[in-house]
Amino acid sequence: MGNDASMQKAARLALIASGDDWAMVSMHLPDGAAPQRICTAERADLGAALEALEAQVSREQCDIPDMRASSLPPSCRDLAQRSGVGSYRAVRRSFMYGSAEGSCVIAVASAAAREAGASIGLELIADLFAAGVPDPSARGIANGDDAMFGFAAPAIDAAPASEARHAQEQFRLLFESAPGPYLVLLPADLRIVAVSNAYLAATMVTREQIVGRRMFDVFPDDPADQAESGVAALNASLQRVLQTRLADVMAVQRYPIRRPDGSFELRYWSPVNSPVLDADGRVMYIIHRVEDVTDYVLAHRPPAPGAQQATTTRLEAEIVLRSYELKRMADSLAQSEQRLRYVTRATNDVIWDWSMVDDVLWCSRSALEPLGSVLARSTTLADWGACIHPDDRERVDASLRASVAAQRENWSAEYRLCLPGDVERHVLHRCFTVIDEQGGPQRMVGTIADLTEQKRQEARVRMQAEMLDYATDAILVRDLDNRVVYWNQAAAARYGWNSDEVIGRPVSETLYARCAPSDFQHAMQVLMRHGDYSGRMVHAAADGRKFVVHVHWILVRREDGTPRAILSVVTDLSEQIALEQRLLQIQKLESLGRLTGGLAHDFNNWLTVILGSAEELMEALDGQPALREVAHMIQMAGERGAELTRRLLAFGRRQPLTPQTFDVGEAIASIRPLIVRSLPENIDLQLVDMDHRWCVYADRSQLEAAIINLCINARDAMPDGGKLTIQLLLADVEEQGAGLSKPLPSGEYVVIAVADNGAGISQDVMEHVFEPFFTTKDEASGSGLGLSMVYGFVRQSNGDVTIYSELGRGTQLKLYLPRAHAEPVARPQPAAAAGRRPPPGRAVLLVEDDPIVRAHIRGLLRELQCEVMEASGAEEALAQLAAGAAVDLLFTDVVMPGMAGTELATRARAMRPGLSVLLSSGYTFEAMRHQDEPAPGIRFLNKPYGKSVLAQTLAEALGTGGETR
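Each number in our numbering comes from the position in the sequence shown (counting from 1) with 24 added on.
Hints are computed from structural coordinates only; laboratory data are not their basis. This structure is a prediction, so every number in the text was calculated from the model and none was measured. C-beta: ideal position from N, C-alpha, C; glycine also. Among the clues, some could well be false.
Claimed, not checked - DEER-style ranges, computed between Cβ atoms:
id, residue 1, residue 2, range
1, Ser972, Ala903, 16 to 22 Å
2, Pro875, Thr682, 15 to 21 Å
3, Ser201, Gly528, 38 to 44 Å
4, Ser532, Asp584, 50 to 56 Å
5, His845, Ala903, 48 to 54 Å
6, Ser702, His576, 54 to 60 Å
7, Ala589, Ser287, 49 to 55 Å
8, Leu603, Gly236, 52 to 58 Å
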């Protein structure tokens, strides 16, 4: 018995160590005490019931460690008042066990007042296991089994959510497994939220059929019996609980239960309805507990209908008396052992008791294997210590010894246990030290909780958080008050705040500090209405920068559908917007290029007429100097117009290029005299590294014009003189080289750097320097096409241009051109036969859609003694060829309505193999831009042109074309 008593005491102390306030006191009924009837109102209060039976406290039986016989209160009411509870009503439930010897053990569970600021303690499960007054003839009780048993859940501090969920799950399992029939109701609409298995068995329903439904929808009156009043009586009792916030014990009730087949079965019940209050005294739940007393009531059915009330009163008295007789059985050793088994089964934790006097260790068997079975076999502290992980053993031993030496009442530690089969468990060890009268520690009682799954969950959460830190997008979570609760590393890098600086702060003070409040409020409204929101917003960084982002907000909900938090995924659109602006700029330049190319084509047609006519006038007015000077001015104006159209075509990338391989250094050196003549004496020109034989494949004349253009711009930037440097460099450009405006294929590039130390260019101006017609000069000094022409030429040559400038320090432009490894082509020497004319009498088929240009060219051809046939379009020309017209040369415009001149040339040569073709246009056809040389027998004459150029080109074409008549 001594060992059993020790186990009983260990269980009690384990409950004390868990943080709950328990008091156990032994009491006797006075000898010869006559049972008294307990009124219904008093039955909610066990202490009142005991006082009605004139219970006296047996001081000799007291086993409360902190009380002596002299200080023990004389009644349960006083005991409750001295236990730290504000009123006797706060002693909510008592577990009562009886025996034949006439004594009863009462375990009073009290929720003592916590210190200010302490964590919220769980409601004592004793509240859910309301003692009530069981019927002595109910199932199992008459055989001496316990009426019921309760376990008080320990008060917990702020714990991880996983630990709380684990505790809630254990609580649910414990409640559902309770031997008594219980329902948990919501006060608002009496909806069922929890039910014990015993209640389901008693009422012939399943949990799925009733949970979530209203009480009286599930358990209605028998519609066949209009006299039934069970629903009304039970509803009145529940309303009294809500009004008084006190337990309400009902008289025995007639309340038929519906069978699964829909019929009703007569039942009698003994109900008790008890409130569960929150910290403010409001009713959170109602615990509805019943006992099925049908058999007892039917066995004592009154002989006459008028005796129903008397029978009910007698039954109540008998139920109370027999209940207290049953409670006296709690003093027996068998009941103590069973109580301990229930305690250990009510939790997955290992409960242990270590006698520090004789080093005897007792451990309960936990439901979690193999933790429970291994520790249950430990008989000494050394056995338990041998299970501790070697890396944790020294730390745990030192901590425990320090706690004992300091006579601390409570001790806790987290460590790992090594179990058979290479199983490792993380545990939380908590204990309570029992001190003797002399202040020395006698024993330690505590619990060991398995934290392995919690640690795994925490590790998974940490891993998920770490994975989120690898995301390139900023990811943050905020609560419904818009305070940040999670902030990944990408967000820290993007905004400049680390997580410690933003967590807990509202986003209105950080990200949206410079955002329009209306935009944020609109987004929140959409989020709360639809559950997500996507769109562009303006965010602010820690340094005050503002940038456009794309946000995707998701409203995270709980299992019941209520909003819980807001997940935000934020993508910085700065680069995308920059690319969009660059693409828009490119598209704008392309559009302007097409526009200017088309305009230049028409200008060149008209300039062909102007320049040709001016040349003829100058020849005809050779003896009239005044008129010849007028013709010369017309010619000069035409040439300036031609230069303008060349710039327009270069910008639009429609200027026909004649690429060739040449030495860049030699080409720049050859135009040094031209550059020097364009510079004032106070500007020092330096050519650096021009002796490298680095070649490119490009149009040499266009490159020379581009360099002269850059030098003239540098000259204008140094009105007071300065230094102009042209340097050659060789760069190895990787794909999408840094600083370039477009991706370039990897390889070597010859870089021409033109730098001055002039006034420099501001940042806002530098963004527009390559735009056509943009100039900082007055209208008389510049057209705004200089740099755009350079840009067009370099891009057309598969290269790129970069610019760097600082105000007051100068400007540097770099032209990147792909390096050519072929040998340079020798520059052509001036033709000896510059004045050559075509052989007289050759037949030329002239195809031109513009009648003015066609008439002008027809006149030039006839002056050159050519026979001229005309056609206004390709179809007309093919018809003449098909008719057998004798033709030596097809002279056609390229751009015409309908069939283009290039297609006409192909079809004409198919009809007349070897036919010479001369193509002419204000800009070259797209398909011919990438050809190194025209096909044999085909030449290209660029508009505008004069009579002498036409004569020489015809002589060359007819000299190679052969006779085709």
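Evaluated hints:
| no. | hint | in the structure |
| --- | --- | --- |
| 1 | Ser972 with Ala903: 16 to 22 Å | violated, 33 Å |
| 2 | Pro875 with Thr682: 15 to 21 Å | violated, 31 Å |
| 3 | Ser201 with Gly528: 38 to 44 Å | holds, 41 Å |
| 4 | Ser532 with Asp584: 50 to 56 Å | violated, 29 Å |
| 5 | His845 with Ala903: 48 to 54 Å | holds, 49 Å |
| 6 | Ser702 with His576: 54 to 60 Å | holds, 58 Å |
| 7 | Ala589 with Ser287: 49 to 55 Å | holds, 50 Å |
| 8 | Leu603 with Gly236: 52 to 58 Å | holds, 54 Å |
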